[in-house]
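Visitor: Hey, can you work out the whole structure from these sequences and the hints?
Chains as they are written, first to last, in the numbering used here: chain A, 1 to 366; chain B, 367 to 856.
Honestly, I wouldn't trust all of these hints.
As the list claims (entries may be wrong) - Stretch by stretch, here's where chain A covers chain B in the computed footprint (C-beta under 8 Å, at least three residues): (1) 674–687; (2) 784–791; (3) 805–815.
Hint data in this document are derived by calculation from the structure and do not stem from the laboratory. Note that the Cβ used here is the ideal one computed from N, Cα and C, for glycine as well.
Chain by chain, the residues run as shown.
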Amino acid sequence: MGGKMKREASISTWQLFFFLLQTQVGVGILTLPYEVHQAAGKDGWLSILLAGFFIQTGIFIIWILACRFPEKTLADFLPLLVGRVLSIIIIAFYTLFFFVVASQVLAIFLSITVKWAFPRTPSIVFAVIITALTIYLIQEDVRVIARFHVLMSFLLLGVLLVFLLMWNHLNVYYLLPVGSSGFKDILSGSPKALFALNGIEILLWLFPFTQAENKKKWIAAAGASLVVTVIYTLLALCAFAYFSAVKLTHVPEPVLYMIKSIELGIVERLDLIFLSIWAVFSITSFMSYLYIAAMGAAKMVNAKHHKKSVYVLGVLIVPLAVYTSNAETIKILGSITGKAAIAFLFAIPLFLLLVAIIRRKREGTG
Amino acid sequence: MPFWRQDKGGVFKKSASENAAAITALTDSSDIKQRTFSYGKAQGILLYVETMVEAVKVENHVLQPLKENGSKKPEAALTVIEYEEAADHNDALRGLLRGKTLLFIEGNPACLLCRTERDTGRAIKEPMNEKVVRGAHDGFVEDISVNIFLVRKRVESKRLTVEYLEKGNRANTSLAIMYEKDIANPELVQRIKKRLESINAEIIYNAGQIEELIEDSTTSPFPQMLNTERPDRVAANLLEGRIAVFINGDPTCLIAPVSFFSFYQSPDDYTSRSLAGSFYRMIRLFSFFFAILLPAFYISVVSFHSEIVPRDLILQLKGSVEQVPYPALMEALFMELTIELIREAGIRLPTPIGQTIGIVGGLVIGDAVVSAGLVSNFTIIIVALTAISSYVVPSIEMNTAIRLLRFPFMVSASLFGFFGIVFALMILLIHLCKLKSLGMPYFSPLAPLRVKDLKDVFIRKTWWKLTKRPYDSKPQTLKRESKGRQWVEK
Chain A
1 MGGKMKREAS ISTWQLFFFL LQTQVGVGIL TLPYEVHQAA GKDGWLSILL AGFFIQTGIF
61 IIWILACRFP EKTLADFLPL LVGRVLSIII IAFYTLFFFV VASQVLAIFL SITVKWAFPR
121 TPSIVFAVII TALTIYLIQE DVRVIARFHV LMSFLLLGVL LVFLLMWNHL NVYYLLPVGS
181 SGFKDILSGS PKALFALNGI EILLWLFPFT QAENKKKWIA AAGASLVVTV IYTLLALCAF
241 AYFSAVKLTH VPEPVLYMIK SIELGIVERL DLIFLSIWAV FSITSFMSYL YIAAMGAAKM
301 VNAKHHKKSV YVLGVLIVPL AVYTSNAETI KILGSITGKA AIAFLFAIPL FLLLVAIIRR
361 KREGTG
Chain B
367 MPFWRQDKGG VFKKSASENA AAITALTDSS DIKQRTFSYG KAQGILLYVE TMVEAVKVEN
427 HVLQPLKENG SKKPEAALTV IEYEEAADHN DALRGLLRGK TLLFIEGNPA CLLCRTERDT
487 GRAIKEPMNE KVVRGAHDGF VEDISVNIFL VRKRVESKRL TVEYLEKGNR ANTSLAIMYE
547 KDIANPELVQ RIKKRLESIN AEIIYNAGQI EELIEDSTTS PFPQMLNTER PDRVAANLLE
607 GRIAVFINGD PTCLIAPVSF FSFYQSPDDY TSRSLAGSFY RMIRLFSFFF AILLPAFYIS
667 VVSFHSEIVP RDLILQLKGS VEQVPYPALM EALFMELTIE LIREAGIRLP TPIGQTIGIV
727 GGLVIGDAVV SAGLVSNFTI IIVALTAISS YVVPSIEMNT AIRLLRFPFM VSASLFGFFG
787 IVFALMILLI HLCKLKSLGM PYFSPLAPLR VKDLKDVFIR KTWWKLTKRP YDSKPQTLKR
847 ESKGRQWVEK
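Guide: What follows is the structure, given as structure tokens:
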């Protein structure tokens, strides 16, 4: 480990932007309004904004840290900061975290799919197919993955279309008075939003692969996060202004129910189309997480290429996701990873940054 | 390795008859003719393959002048358009087999190769499968030099470079690569040369064989080299920094690197007005998705998501489908395969019978199959639309790719409905993102996204706005040497 490595595959700022965006926009689209509503009532959208603000701070910390080592991934610069043993432990934790998050994304995807569209198809079938096509992509280098993520981002237009179509059906009075739930409830809703907005930690891996000035990388990361926060907030606002507070407690996938009510004349059930778009977003974030997990795993065993670890993790993740794809487990694991995300987003990078400042480590000084 | 390089050729001796005997010892065939004549005081021998040479040329430009000008040196006497001295026996043999006449003079340890080939090529005609409404109507022929001539005539540039290669271990075939020296990326030129030089085949049959030997992925359904018989298409691609490969004996020119979207550009887009060109370009690209997705979409609607259909239509749809005892996949597969049968039969048969087959296949089967209750009439509509849209793409290679691709989509849709389509589409797009043509990204300029280059992809902007070459071939100079509409007063 260590030493200046030649990065053959590099991505542009825009590719970084969409990579992060596709990682963040995921399974949460459908359920987030319901989840934040449970905690913060009709002010749940404020929880999302708050979570978005948290994440911006996290990005800033990660950015300052990564700027000290612009040519190195987390796995490369960790040994310089905390020594070999501790660095392997930290990487192991990150890898485990990304692996579990990936498995959770898949589990949530499976549970919603079974509930909403394919009640009689065993969920292992979808798990295997999705993992297979994920492996097909993520065994490639970061550049190909980024290209694919950029391509898939055109589907965001579909989400925008939903806002347009919902416009006439919204009742703003459902939202008023703003902030009446109290700060404590709003705060308690934000870890749930944090899980949906999660994913920016992969910047620690992608930073050196991006060819741009450091400042532009920060703009890309912050911009991606901002766009995702805005999309989620708008979706939540739509859902809250469409369903009354009482109704919302009965619809766990408010976005789908909301879209279901739209009638276009050409397409009767728009929700089925939206579900397909959502599937793509879920799969892309699954891809990103599994890719970073595989990179971490490959680093831990000192493998030259992440291809083999992709296969191993792919085989492991299918049973894990299928086993955890019931509502109870998803809920428990979700709250754990939501809290763990805080550690991986703020605590560890902040700790590493402090170590770097105190020990005056920069790239080249190690 | 070609045969004349496999071993060292013998050297020529002073005796003409010995030299001629040495060559005829290497090849033995009854159409090899040997003629002896007197050249001044010495004796001369001509050796040629009767079936390969133009008899008049041998008579008028080789034999007669030599007989009449016995005092001159043979080089000065000959009136053929071109001659060269053979290096050794193998070199002479190679010339002989190509239709050259071998000239030996007694006392002179050398062999002159005189150009007397018979040139019987077919006329230059518009290619059958790349017809255009407006614009040039010439097309390549089987002769490589005619093809190069057709392109050179169009691109009168001093930097246009042609490089020849000889391939085929047993039977020799000439290949030529052509590129604009100061536009094409030298790394890519080296890459394609390296790949071509590595070819180790007994014989080169056609362009398809070359393509398979040098393309990046042979398992991909997509063609990674553009096959064209149109000189104007080659010329346009050369100026975009791409490299053309000509094969003697095949009217097809291979162009690399290309992107997926090159296959959807037709010369017609550029001859028609920009607005119309853009419209038809979009129709064509739309037809790609239509051709691979429509049957899959229909199958998933009928078997999974019929609630998506508007109320007024659903009764008719269900009513028509309910009468058919088979699942939608079987219906669609049956009809798609029937269309493929009709197509394949139509190609092989002579034109008048081919039309009959079309009528019998299309009208009779189509009508009877519905009234017999084997297939619903909605399926017929879908299959017909799919068939039409799969033939819209102006490249026969891409057309086959599309026709093959719709089958996995249909199967996937019948298994998982819309999700099946999404999965299949994702696999397709991942594949397109991974695929490379001569090492360059195949799905450019969409992946990697390059917004600047999109103006000649989904639309065709006006000529004078296309001032930059597309980036996917990494040209040396991105800027074109053109400035448009400078007469407009600002």
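Visitor: Run every hint past the structure and note whether it holds.
Guide: Status of each hint after checking the structure:
Under the rule that three or more residues need a Cβ within less than 8 Å of chain A, the assignment of the segment 674–687 of chain B holds, with 4 such residues. Given as covered by chain A, the segment 784–791 of chain B passes the check, having 5 residues with a CB less than 8 Å from a CB of that chain where 3 are the minimum. Note: the segment 805–815 of chain B has 6 residues with beta-carbon separation from chain A under 8 Å; the three-residue rule is met and the coverage holds.
The structure agrees with every numbered hint stated previously.
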